[in-house]
Amino acid sequence: MPMEYAGHDKSASRTKLSGLRNGLSEALRNEWSSLSCRHLAQWLDAHSCRTVMAYVSFRSELNINEFIEWCWKKNIEVLLPRCVKADHSMTLHSITGWEQLTAGSYGIMEPDLERSSAKPVGTVPDVVIVPGLAFDRRGGRLGYGGGYYDRFAEAMLATGTPPLWIGAGYEAQVLEAPVPSDSHDLQLDGLVTERGLMIIGQ
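The number in my numbering is simply the position in the sequence shown, starting from 1, with 1107 added.
Worth flagging that the hints you see were computed from the coordinates, not collected in a lab.
Some clues are possibly wrong.
[Stated by the list, open to error] Distance condition first, Cα-Cα at most 20 Å in a straight line; then the derived EDC-like pairs of lysine to aspartate or glutamate:
1) Lys1123 to Glu1133
2) Lys1180 to Asp1233
3) Lys1181 to Glu1206
4) Lys1181 to Asp1152
5) Lys1117 to Glu1221
6) Lys1117 to Asp1289
7) Lys1117 to Asp1233
8) Lys1181 to Asp1257
9) Lys1117 to Glu1168
10) Lys1226 to Glu1261
11) Lys1226 to Glu1206
12) Lys1226 to Asp1194
13) Lys1192 to Asp1219
14) Lys1180 to Glu1206
15) Lys1226 to Glu1184
16) Lys1123 to Glu1261
17) Lys1123 to Asp1152
18) Lys1117 to Glu1206
19) Lys1192 to Glu1221
20) Lys1180 to Asp1152
21) Lys1192 to Asp1257
22) Lys1123 to Glu1278
23) Lys1192 to Asp1292
24) Lys1192 to Glu1133
The structure displayed is predicted, hence computed values, not measured ones.
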């Protein structure tokens, strides 16, 4: 059953939705994460993508580690972000193994500067897989409030060749109503859940 949010109050919505997602059983989260990874792999395989920006799941987020390992086996370059707290920006780093990660500022595993390969500013992956607290089928996403992905998306738009943005979450996180959003918020091109991968508008 889809989650509900507290109207257009982002802060209240984040608190409620985070609690609801944390309430999903570990067994269900693992099952749904694995199914979602298969959908991602099938879609990328069909579209010949060569570079993917992914994320390392934190707490109860949809876990895409299985998908990342599939990318490595297929020689698809995996880029992971490092969060820069000073200006809420992100830098990209090419990762080929889990041993290249270290705990970051928020406790999230991210690329170790000495063991990963930093990418030049302006590097644009083919696809960006992005987590969130809630999504809708219009491309809306409710993030965590830091604005990291919003700023990164703006920088990608400036290159003239932005990547395809795909949200990753459980079907229970997909809201029937539009998620609360502002004009500067990231709009997604697609969404993957345990039920499949959809491209907005198709």
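Now the hints, each set against the structure:
Of the pairs offered as hints, the one joining Lys1123 and Glu1133 holds, with about 19 Å between alpha carbons and a cut-off of 20 Å not exceeded. The suggested pairing of Lys1180 with Asp1233 holds, with an alpha-carbon distance near 18 Å, which does not exceed 20 Å. Of the supplied pair hints, the one linking Lys1181 and Glu1206 holds, its CA atoms being roughly 19 Å apart against a limit of 20 Å. Under the criterion of a C-alpha separation no larger than 20 Å, the hint pairing Lys1181 with Asp1152 is consistent with the structure, at around 9 Å.
Restraint check: the Cα-Cα separation between Lys1117 and Glu1221 comes to about 37 Å, which exceeds 20 Å; the hinted pair is violated. A C-alpha spacing of about 10 Å is found between Lys1117 and Asp1289, which places the hinted pair at or below 20 Å, so the restraint holds. Proposed proximity of Lys1117 and Asp1233 is contradicted: the alpha carbons are some 30 Å apart, above 20 Å. For the hint pairing Lys1181 with Asp1257, the CA-to-CA distance comes to about 29 Å; that exceeds 20 Å, so the pair is violated.
Between the alpha carbons of Lys1117 and Glu1168 the distance comes to roughly 18 Å, so the proposed pair stays at or under 20 Å and holds. For the hint linking Lys1226 to Glu1261, the alpha-carbon distance of about 18 Å falls within 20 Å, and the restraint holds. Straight-line distance between C-alpha atoms of Lys1226 and Glu1206 comes to about 18 Å, which keeps the hinted pair within the 20 Å bound. For the hint pairing Lys1226 with Asp1194, the CA-to-CA distance comes to about 18 Å; that is within 20 Å, so the pair holds.
In summary, the hint linking Lys1192 to Asp1219 is supported, as the alpha carbons are separated by about 16 Å, within the 20 Å threshold. Under the criterion of a C-alpha separation no larger than 20 Å, the hint pairing Lys1180 with Glu1206 is consistent with the structure, at around 16 Å. This hinted pair checks out: Lys1226 and Glu1184 have alpha carbons roughly 11 Å apart, not beyond 20 Å. For the proposed pair Lys1123 and Glu1261, the alpha carbon gap of about 28 Å is over 20 Å, so the pair is violated.
For the suggested pair Lys1123 and Asp1152, the alpha carbons sit about 36 Å apart, so the restraint of at most 20 Å is broken. At roughly 36 Å between alpha-carbon atoms, Lys1117 and Glu1206 are farther apart than 20 Å, so this suggested pair is violated. Using a Cα cut-off of 20 Å, the hinted pair Lys1192 and Glu1221 holds, with the two alpha carbons roughly 19 Å apart. Pair hint Lys1180 plus Asp1152 holds up; C-alpha atoms about 12 Å apart against a cutoff of 20 Å.
With a C-alpha separation of about 14 Å, the suggested pair Lys1192 and Asp1257 falls inside the 20 Å cut-off, and the hint holds. Of the pairs offered as hints, the one joining Lys1123 and Glu1278 holds, with about 16 Å between alpha carbons and a cut-off of 20 Å not exceeded. Taking the CA atoms of Lys1192 and Asp1292, the gap is about 19 Å. The hint holds against a cut of 20 Å. Of the supplied pair hints, the one linking Lys1192 and Glu1133 is violated, its CA atoms being roughly 30 Å apart against a limit of 20 Å.
Of the numbered hints listed earlier, those contradicted by the structure are 5, 7, 8, 16, 17, 18, 24.
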